[in-house]
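Student: Chain residues, written in single-letter form:
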Amino acid sequence: MELVLDRVTKQYNSKIATDRISLSLKPGVIGLLGANGAGKTTLMRMICGVIKPSSGSISLDGVDVSEEMYRDALGYLPQDFGYYPNFTGKDFLMYIAALKGLSRSEAKRKTAELLKKVNLENAANKKIKGYSGGMKQRLGIAQAVLNDPKILVLDEPTAGLDPKERVRFRNMIAEFAKDSIVLLSTHIVSDVEHIADRVLMMKEGQIIWDGDRNDVPEDLENFYMSKFEDEDMEADDE
Amino acid sequence: MRDEELKKMLYDSYHTEPSESGKRFIRAYSKRKLSIPTLLLMQLKYMWLQYILILLFLTGVIVYLAVFGKPEYVKVISSLSPFPAIILLAGLGRSAKFRMEELELTTRLSKRMLKSIRLTLSGTAGILAVLIVALTLVLTAGVSVSNAVLISVFPYMITSCACMNLIRRWHANENIFGCIAIAAGVSIFSLTDCINYIYASFHLGEFASFALMILLVIVLIREAYLYVNESEEIQWNLC
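Chains as they are written, first to last, in the numbering used here: chain F, 1 to 238; chain L, 1001 to 1239.
Simulated from the structure, these hints should not be mistaken for lab results.
Treat the hints with care, since some could be wrong.
Stated by the list, open to error - With a straight-line Cα cutoff of 20 Å, these simulated DMTMM-like cross-link-like pairs (lysine to aspartate or glutamate) come out:
id	chain 1	residue 1	chain 2	residue 2
1	F	Lys52	L	Glu1230
2	F	Lys136	L	Glu1104
3	F	Lys110	L	Glu1104
4	L	Lys1111	F	Glu68
5	L	Lys1115	F	Asp72
6	F	Lys127	F	Asp91
7	L	Lys1097	F	Asp80
8	F	Lys52	L	Glu1072
9	L	Lys1111	F	Glu67
10	F	Lys108	L	Glu1230
11	L	Lys1111	F	Asp72
12	L	Lys1097	F	Asp91
13	L	Lys1115	F	Glu67
14	F	Lys150	L	Glu1104
15	L	Lys1111	F	Asp64
16	F	Lys90	L	Glu1104
17	F	Lys150	F	Asp72
Claimed, not checked - To spell it out: a stretch of chain F is covered by chain L in this simulated footprint if at least three of its residues, at any positions, have a beta carbon under 8 Å from a beta carbon of chain L; those stretches are:
id	stretch
18	43–55
19	63–75
20	83–96
21	99–112
Unchecked claim - According to the in silico footprint, chain F covers these stretches of chain L (three or more CB under 8 Å from chain F):
id	stretch
22	1087–1100
23	1106–1117
All C-beta atoms, glycine included, are put in the ideal place defined by N, C-alpha and C.
The following block holds chain F by itself, in its conformation from the complex (with noise of 0.2 Å):
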């Protein structure tokens, strides 16, 4: 299985968001990291659907994004979501899972799964808008993985999480990475350094670091931060 990024662009107006991003995405988890504004939430939307490149192609073994099986391999978390008001979260997870072709029997089945899964059950049935951050996030995650996806694209997934639940989310994580794609973009270089294989770096539309998480040779975030320095630096001298 592989997901493929060919010379993928995204420009509004004058400003470039992602600049001709190519790469080649294998099960495991992707973590992508970069500072607010690098692109990552455009590349995103791309990788999901939700934009359209203004060039490049995004592709799942040959099928292009634009194609129902892709969007029927596809979980996503975005960095920020709503709710009907009066959804409570089971009712939340059955509206997304019908709209995932779910059958009522299997997605009766899978939110209840879900539900226990992330620890609300117990919460089930109470409104949305009760719920803490925490709640809503993992109710996110739940959503996200209603349908098995093979391509799970998780958006700042830690936000809002007290580092109880963010070590608990990575567990999950690590779990559903075993047959899937996962990427996760966040700017906490911890989130990825404990369950990403592979690194990637972005900046300013860019990717600017690609690597196997071993390839790193220090800690992660002083890395990550020798990067951007080092292209401010390079960007002075031009």
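Fit chain L to the given chain F structure using the hints.
Tutor: Only chain L this time, still in chain F's reference frame:
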């Protein structure tokens, strides 16, 4: 073959886990094909109940006026006819309003499909409502068919066309206020009996009503087509 070997083979054939490719096949096969009727029913179930109730209430008020009201209430009926369009158009923007759009776009449905389904449901509800009003006017108030269409269907369709054009050009949650302004304008136009004045001034008859109806249907279909097929970009991506 020894008994132990045979026993083991029999045991394995009954207790072996399905292969990975077998599991994938079963998982893929067990997913339902998302047919149009399935999608319509699914979205109907999750439709905006409040909007439907408001639409029913408004239709009820208009029908009551048509049945029990005095003849001069016809102008009031006409002035209320644009508002079912607003109620249903407000429902179309629900997923953007509650920030569910991004999640909905990453399911099996494309944005085009989702919009088509919602437009079909809301359009059908709106057209049914105004047709009920027109039918009531014909049956109980003795109004001719062409006049009934002029009173109830035209204001609704004019409002729908103008509002859909506005929504397509103005990507913001505030566009609903623009739609309300359009509906208010059409409502005042109806209340002041301008349309009858125009008809009388230009000696327009039933043929003119028919031609105008055809024109509005064409414009509405065009607006619906453009609405469904507009850019995949969500409004916050547009600079």
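Student: Please name the hints from earlier in the document that this structure breaks, with their numbers sorted from lowest to highest.
Tutor: As far as the earlier hints go, 8, 10 are violated by this structure, in ascending order.
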